[in-house]
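Assemble the complex: chain A is given as a structure, and chain B with the ligands must be docked to it using the hints.
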Amino acid sequence: MSENADSMQTRHFLLRRLHSLTGIVPIGVFLIVHLTTNSTIAWGGLNTRAQSEGFGWMDRAIATFQHEVEFINNMPLLLLIEITLWAALGFHSVLGVYYAISGKSNTGAYKYSSNFRYALQRITGYFGIFFIFYHVATLRWGWTWLVPGGTKWSHEAASSTFAAAIQGSTDGFTPVGFLVACFYFLGVSALVFHFANGLWTAAITWGITISRPAQKRWGVICAGLGAGLMLMAWMSVIGFATLDYEQASRVEQILHGEQIHLNDEPN
Amino acid sequence: MSEAEAYSYDAEMRKANRAKAVAGRSVIFKIKRCDGPGKPARWESFKVPIEEGANVISSLNWIAANPVTIEGKKTTPVVWESNCLEEVCGACTMVINGRVRQSCSCLINEYAPCEGDVMTLEPMSKFPVIRDLWVDRARLFNNLTRVKAWVPIDGTYNMGPGPKESHDHQQMRYALSECMSCGCCLDACPQFIKEEDESKWDSSFIGAHAISQARYFNEHETGKQLKADRMDALSGAGGINDCGNAQNCVKVCPKGIPLTESIGAIGRSATIHAIKQFFQGKK
Ligand code: SF4
Ligand code: SF4
Ligand code: FES
Numbered sequence: 001m002s003e004n005a006d007s008m009q010t011r012h013f014l015l016r017r018l019h020s021l022t023g024i025v026p027i028g029v030f031l032i033v034h035l036t037t038n039s040t041i042a043w044g045g046l047n048t049r050a051q052s053e054g055f056g057w058m059d060r061a062i063a064t065f066q067h068e069v070e071f072i073n074n075m076p077l078l079l080l081i082e083i084t085l086w087a088a089l090g091f092h093s094v095l096g097v098y099y100a101i102s103g104k105s106n107t108g109a110y111k112y113s114s115n116f117r118y119a120l121q122r123i124t125g126y127f128g129i130f131f132i133f134y135h136v137a138t139l140r141w142g143w144t145w146l147v148p149g150g151t152k153w154s155h156e157a158a159s160s161t162f163a164a165a166i167q168g169s170t171d172g173f174t175p176v177g178f179l180v181a182c183f184y185f186l187g188v189s190a191l192v193f194h195f196a197n198g199l200w201t202a203a204i205t206w207g208i209t210i211s212r213p214a215q216k217r218w219g220v221i222c223a224g225l226g227a228g229l230m231l232m233a234w235m236s237v238i239g240f241a242t243l244d245y246e247q248a249s250r251v252e253q254i255l256h257g258e259q260i261h262l263n264d265e266p267n
Numbered sequence: 001m002s003e004a005e006a007y008s009y010d011a012e013m014r015k016a017n018r019a020k021a022v023a024g025r026s027v028i029f030k031i032k033r034c035d036g037p038g039k040p041a042r043w044e045s046f047k048v049p050i051e052e053g054a055n056v057i058s059s060l061n062w063i064a065a066n067p068v069t070i071e072g073k074k075t076t077p078v079v080w081e082s083n084c085l086e087e088v089c090g091a092c093t094m095v096i097n098g099r100v101r102q103s104c105s106c107l108i109n110e111y112a113p114c115e116g117d118v119m120t121l122e123p124m125s126k127f128p129v130i131r132d133l134w135v136d137r138a139r140l141f142n143n144l145t146r147v148k149a150w151v152p153i154d155g156t157y158n159m160g161p162g163p164k165e166s167h168d169h170q171q172m173r174y175a176l177s178e179c180m181s182c183g184c185c186l187d188a189c190p191q192f193i194k195e196e197d198e199s200k201w202d203s204s205f206i207g208a209h210a211i212s213q214a215r216y217f218n219e220h221e222t223g224k225q226l227k228a229d230r231m232d233a234l235s236g237a238g239g240i241n242d243c244g245n246a247q248n249c250v251k252v253c254p255k256g257i258p259l260t261e262s263i264g265a266i267g268r269s270a271t272i273h274a275i276k277q278f279f280q281g282k283k
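Heads up: the sequence lines are chains A and B, in that order. Count the first sequence with this note's numbering and you get residues 1 to 267, in order. Count the second sequence with this note's numbering and you get residues 1 to 283, in order.
Note that these hints are calculated values from the structure, not bench results. Hints should not be assumed to be uniformly reliable.
[Claimed, not checked] Rough simulated footprint, nothing fancy, chain A against chain B, three-plus residues with beta-carbon under 8 Å: (1) 60-70; (2) 184-196.
[Claimed, not checked] Distance ranges between label pairs, derived from CB positions: (3) VAL136(A) <-> TRP43(B): 49 to 55 Å; (4) GLY108(A) <-> ASP229(B): 37 to 43 Å; (5) ILE24(A) <-> TRP43(B): 45 to 51 Å; (6) ALA23(B) <-> GLY108(A): 29 to 35 Å; (7) THR69(B) <-> VAL220(A): 51 to 57 Å; (8) ALA23(B) <-> PHE116(A): 36 to 42 Å.
[Unchecked claim] Calculated cross-link-like contacts (lysine to any residue; reagent style SDA-like; alpha-carbon spacing at most 25 Å): (9) LYS111(A) <-> ARG99(B); (10) LYS282(B) <-> LYS111(A); (11) LYS104(A) <-> LYS282(B).
In this text, a Cβ means the ideal position worked out from N, Cα and C, and glycines have one as well.
Okay, chain A solo, but in the shape it has when bound (with noise of 0.2 Å):
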């Protein structure tokens, strides 16, 4: 074999498994920590160390969220995870695209389970890809003009400036806020789905199962983390979609009051 062909093999190989492992490392390790701390808006109630004076189960969520993403932006480091993170999507986006067209679906022909779990894998990648650039540019990039509402979300105001996001005004509901926020609902579904099964077949090709009743095995524990995923990031979008915008906003201003309080203190 010619040296040319060899270290094409070697890339070939490199790349796929990359790509494999990428999916997995970090982004979906980044994706159950997101989903954990996004969904504290529909359980960090049961946070009672986020108790103020007067706060009823929907508050210690906002502030319970509210802290967490302070917690996150003050992390060191965070523009390099932010990086890496960006890097591995971009690199298993542009490969995942290129392999996804090199097959040819053929779920009319062939209609097993697995076969639509392979064609959704595809499909839930492309729409995957579309809105995590969605997410991020309005949220992180502050892309406004793409917000329905304009509102831009800001790290001080998480849950209210989301919720505004999500539902198209600081008032509620406007049909292209419910149109974001399905679209959100959608978003979050096909990626835990991407996930939990890029899992499930990347045992295989790792092999790390072979034997069908291991495929299967697997497949089970895959499909309850998936599940728990699921229902945390319903939890997320269901929670921020039905927030209600002046509740969120009042408990973040009493959150920063609180804090300048305590650094004002001169002792």
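Chain B with the ligands in isolation, oriented as in the chain A frame:
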């Protein structure tokens, strides 16, 4: 066995069809025809009287003897390929009612039980058509040479008897040995794309058939001498990594070969092969 959830429905449907098959009926054969490589395809239908126990090949024989379309137009006999007539050679593989399978073992009673039912016959979709239902499966055999699917026994001295093999291991290899290179697994694979340009064959996806055969020979005590060569080929472009895990292959394989297990096993070998190459490879 959970061989295929989808197929169990099929098996039931076929059984039900068999039970209600009407004697003395005629069935319409809708056949995708083509006069030769590069020629346009066209559809022709034939009305064929069904005898007890008729299968697709016997019906094609009837058409060959009576090459008149349903419109009464005289045409050329339909061309197909077949050999064993007992589902062990794979030559008669074609796409029947949209799905790939052997035509010699395809009973009309199971597919078209009533008067006027339609059977659709098409050539395999992933190989170049030579004529009508006859395709050129050279790429399939080329893929076996890519992974050196043989046992190296040529040499200058007698290598003596091979090592002993455990019963379980022998059973595992026996299942893989049943492959008849029919190509069903390739025709149903969404990652195996038709490629007429021979120079691209070696870098196009090799498919479940050769992956499984590579495993078969890797597991052979003498055949494993070529394992590194096989894994080199399977690690490169068109190798194991191009599989998209749609798992259609295992569902359509007429021999019930555990192709997805072979894919997992070769995936594992490829992982180990790459690690070995990294730490001790000379290249
Ligand atoms: S693995 Fe099965 S479907 Fe594929 S060529 Fe062999 S016998 Fe045919
Ligand atoms: S599992 Fe791989 S080889 Fe089998 S049909 Fe799917 S993509 Fe093709
Ligand atoms: S003729 Fe050999 S398999 Fe059908």
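Comparing the hints with the structure gives:
no., hint, result
1, 60-70, "violated (count 0)"
2, 184-196, "holds (count 4)"
3, VAL136(A) <-> TRP43(B): 49 to 55 Å, "holds, 51 Å"
4, GLY108(A) <-> ASP229(B): 37 to 43 Å, "holds, 38 Å"
5, ILE24(A) <-> TRP43(B): 45 to 51 Å, "holds, 48 Å"
6, ALA23(B) <-> GLY108(A): 29 to 35 Å, "holds, 34 Å"
7, THR69(B) <-> VAL220(A): 51 to 57 Å, "holds, 53 Å"
8, ALA23(B) <-> PHE116(A): 36 to 42 Å, "holds, 39 Å"
9, LYS111(A) <-> ARG99(B), "holds, 10 Å"
10, LYS282(B) <-> LYS111(A), "violated, 46 Å"
11, LYS104(A) <-> LYS282(B), "violated, 37 Å"
Hints 1, 10, 11 from the list above are not met by this structure, while the remaining hints are.
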